[in-house]
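Let the hints inform the model, and build the full structure from the sequences given.
2 protein chains.
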Amino acid sequence: MTWQDTIAAAAAAAPGYAATDPGERARFLVAAAEELEACAPELVGLGMAETGLGEARLTGELRRTAYQLRLFAEVVVEGAYLDVRIDEADPGFAIGPRPDLRRMNVPVGPVLVYAASNFPLAFSVAGGDTAAALAAGCPVVVKGHSGHPGLSARTAEALVTAARRTGMPDGVIGLITGQQAGIEALQDERIKAASFTGSTRIGAMLARTAAERPSPIQFYGELGSVNPVVVTPAAVAERGAAILEGFVTSVAGSAGQLCTKPGFLFVPDAASTDDVIRAAADVVPEHRLLTRGTSAGYVDRRGAVLAAGAHVIADGGVRTDEDGFVWARPTLVETTLSELVAAGPDVLDEVFGPFSVLVRYDSLADVTSALPVLFPGNLTASIHLAESETPTVAPLIEAMSRIAGRVLVNGWPTGVSVSPAMQHGGPSPATTIDSTSVGTAAIGRFLRGVCYQSVPASLLPPAVRDDNPWGVPQRRSPAGASTSWGELTGRY
Amino acid sequence: MTWQDTIAAAAAAAPGYAATDPGERARFLVAAAEELEACAPELVGLGMAETGLGEARLTGELRRTAYQLRLFAEVVVEGAYLDVRIDEADPGFAIGPRPDLRRMNVPVGPVLVYAASNFPLAFSVAGGDTAAALAAGCPVVVKGHSGHPGLSARTAEALVTAARRTGMPDGVIGLITGQQAGIEALQDERIKAASFTGSTRIGAMLARTAAERPSPIQFYGELGSVNPVVVTPAAVAERGAAILEGFVTSVAGSAGQLCTKPGFLFVPDAASTDDVIRAAADVVPEHRLLTRGTSAGYVDRRGAVLAAGAHVIADGGVRTDEDGFVWARPTLVETTLSELVAAGPDVLDEVFGPFSVLVRYDSLADVTSALPVLFPGNLTASIHLAESETPTVAPLIEAMSRIAGRVLVNGWPTGVSVSPAMQHGGPSPATTIDSTSVGTAAIGRFLRGVCYQSVPASLLPPAVRDDNPWGVPQRRSPAGASTSWGELTGRY
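Chains as they are written, first to last, in this note's numbering: chain A, 50 to 541; chain B, 50 to 541.
Bear in mind the hints are in silico, worked out from the structure with no lab data behind them. Source: prediction; values computed, not measured. By construction, the Cβ of each residue, glycine as well, lies at the ideal position given by its N, Cα and C atoms. Among these hints, one or two may not hold up.
[Claimed, not checked] Partial chain A-side listing against chain B, Cβ under 7 Å, derived: (1) 136; (2) 143; (3) 285; (4) 286; (5) 333; (6) 334; (7) 446; (8) 499; (9) 507.
Put into structure tokens, the structure is as follows:
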């Protein structure tokens with residue numbers, strides 16, 4: 050099957066799949082989880098062989114992948130994502146007679162999902178983007194990542210089996226491969242939205258491609274993030290060693306190949322750090338990087354920061370094996386806030402891999418004013434503080450909420466929960482369009498609003514009908530209810 | 050004040066304005082409505098002199114403008130737009146311990162609003178985009194439209210008065226003018242989102258500008274739409290003359306300078322139409338177009354369709370006065386569905402002004418399959434039908450929901466209500482990003498999600514605190530509640 054055939058099948062499946070009721074769609078998502086679980090050992094084995102990630106990590110990731118599919122099944126059945134609003138006809142409406150208006154979210158149509166390299170299960174063929182798009186009612190065409198082709202094919206097979214078993218239209222899920230196909234598919238007018246997790250460079254190129262189509266579409270890119278972490282003086286005094294050990298663990302996890310890896314740790318000038326960090330880094334085993342591309346990128350970016358003159362605390366090295374993969378242990382360097390303010394993108398941009406920069410600061414006020422300038426767009430921003438400091442750090446927390454989608458206190462940004470309140474997305478360059486790619490709110494990316502005006506009940510979608518056969522939340526504006534302006538004017 | 054100063058003031062106002070509580074922000078919006086009402090005769094007079102629109106239309110528009118501001122004051126106080134989600138910490142969470150997570154929407158920062166020419170009040174300086182952005186907590190920089198500079202300045206003055214009267218930070222609302230300033234302001238990194246209502250050509254140029262910034266931002270363009278209307282055979286038989294008269298009225302309103310003007314009316318082959326249409330068009334008075342630019346564009350686009358060989362039913366002409374403005378009465382032409390399928394953009398694209406095309410069809414099945422191909426992106430799609438036909442038109446209604454943001458039965462798309470269920474936006478080219486620019490859902494364009502993880506109550510924004518001092522809707526996921534997968538698996 051060519052990629053054109055796969056898109057044609059997705060387009061053909063779109064109306065039928067959009068018309069599935071919540072039970073049918075949920076059954077498919079749960080079946081997908083079951084099919085993945087049924088071949089878990091095979092999937093984990095493929096993943097280990099292809100990505101260099103370990104068994105525990107991949108087993109956990111498979112559990113998360115299945116969980117996400119089931120979570121979105123619940124989202125579909127619950128129905129709040131449809132955001133149903135019913136405005137009753139109101140002949141006396143303030144700005145002229147109001148007809149019967151019923152608004153709901155509908156699927157945008159076939160979605161192109163670019164699989165990520167660093168989550169070969171949870172953000173690949175059957176990953177979060179796929180689960181969200183399928184839950185929204187959109188067929189999904191996945192552009193498989195070249196880093197784990199066997200795992201991708203096997204995962205797609207499981208999804209196709211789940212779709213057939215639950216009577217979904219053929220083409221509801223498809224897999225394409227190859228760089229050129231991935232770009233041309235984005236230009237295909239039958240694709241109505243796309244999502245991507247990867248580098249700022251590739252993401253920006255794809256965003257341009259999506260914008261330059263005759264009919265531009267939304268391109269949801271989850272790109273670079275350096276995830277600054279601030280440690281206050283009181284926190285250092287209280288539990289400095291534990292924080293530094295937690296830092297190294299967070300940087301080292303999955304060999305630093307996580308979009309939420311803390312790339313910069315701000316510590317007070319006087320804090321003693323090097324011995325603890327060196328000791329913690331020394332016990333981290335050497336880890337293979339995901340792909341040859343990741344390997345080359347890590348060598349490049351790590352080299353650029355080192356060349357800029359950062360002081361090396363722990364040097365985890367880079368060793369290239371005969372297959373062209375880099376093996377590394379954490380490299381941790383240090384600089385000062387004033388040097389960082391003078392630095393360019395070579396130092397400030399993300400280094401994807403087990404690398405991080407300690408930044409020494411004079412005062413928290415300096416950090417508060419520098420953060421938005423240095424790092425305006427991040428997935429996360431974190432602070433480690435002592436309880437006594439809560440009143441004084443309020444401005445810093447506020448600054449963090451301006452530059453990040455998730456603000457953490459006394460925790461590490463790696464390890465992203467999948468739940469209604471999660472936000473995995475932030476100002477540019479963290480994401481291309483304000484949205485989240487993790488958690489139930491991710492479904493919103495693949496929906497658009499449609500208002501039905503004076504449409505007879507027999508022609509309305511079930512979700513916006515008065516008899517509400519799906520039992521979804523409906524927000525109703527009764528006739529006459531909008532005449533409370535006088536009261537409001539009085540109140541304010 | 051230069052445009053740079055205006056943006057600097059907006060950026061300086063952003064944190065303080067974002068921190069206003071719902072009551073303060075609502076008081077400002079209500080005060081804005083009051084200030085506009087207090088100088089209503091002056092504003093209407095300026096509008097009549099500058100735009101050629103009539104007193105009744107502008108008086109109604111002012112009422113709508115004030116209404117929108119008050120409506121968004123209610124949205125702010127009610128608080129559902131914050132989409133607050135609280136996931137309680139859950140040590141036994143399915144995919145690993147879940148920390149305390151609290152998500153809410155926050156303002157994106159200063160917004161650049163390009164005023165529209167055709168709604169000098171309701172979509173200009175104090176219009177819908179401004180009301181939505183201010184309600185979201187974003188300072189607004191309006192790029193005034195050159196078609197009504199005096200009205201723009203006077204409106205801005207009223208908003209500034211309202212802001213001062215209610216203690217809002219200086220710079221929360223500002224006005225800039227000039228084409229070049231409008232483009233450069235969009236490139237300014239302090240601007241965090243932009244909205245625009247206007248032509249596809251200018252909109253596409255601005256969308257590119259927004260995308261090419263070092264930090265790209267969301268550009269909400271409400272661009273072209275032809276708003277197809279289908280009349281079924283039974284509807285013609287039942288009330289053909291009334292429908293045709295309604296059509297001419299809808300095309301003629303505000304001299305056709307409305308984004309929801311029906312640009313194409315699909316009628317059965319055999320329907321007799323010309324006499325009724327000619328009679329209805331003949332009684333429409335000549336109307337001046339909004340600007341010289343609109344005038345030139347209308348002459349061009351009308352000429353292009355006529356040159357393509359459409360049969361003229363009623364020729365409302367174009368007369369250019371000594372100031373360069375065109376005066377016109379409705380021009381209505383006719384073609385066949387098969388000719389339309391063979392036509393190019395000269396015929397298919399929007400004609401902004403009192404012009405529309407009747408399209409004769411053989412069967413509704415032909416219309417159902419042709420519509421998505423001819424007109425893939427619209428603000429509205431409408432059908433006039435007889436009650437007996439409701440079962441047979443279901444596929445056409447479904448096709449309409451795929452190509453438009455609002456689907457109407459037995460009504461005309463002009464006259465857009467402002468309410469929770471309204472959707473004014475549709476697939477490209479109708480809008481650049483799936484969203485609505487009319488109705489309360491428009492506030493979502495100027496918000497982004499932030500998740501607070503394990504943040505102590507004293508550092509949390511009021512909306513996500515357990516004591517909920519603002520009394521906003523909070524969606525809570527209790528610990529242990531996410532273990533219902535077994536049950537779900539059993540159900541589906």
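Quick one: which hint numbers does this structure break? Sort them smallest to largest.
3, 4, 5, 6
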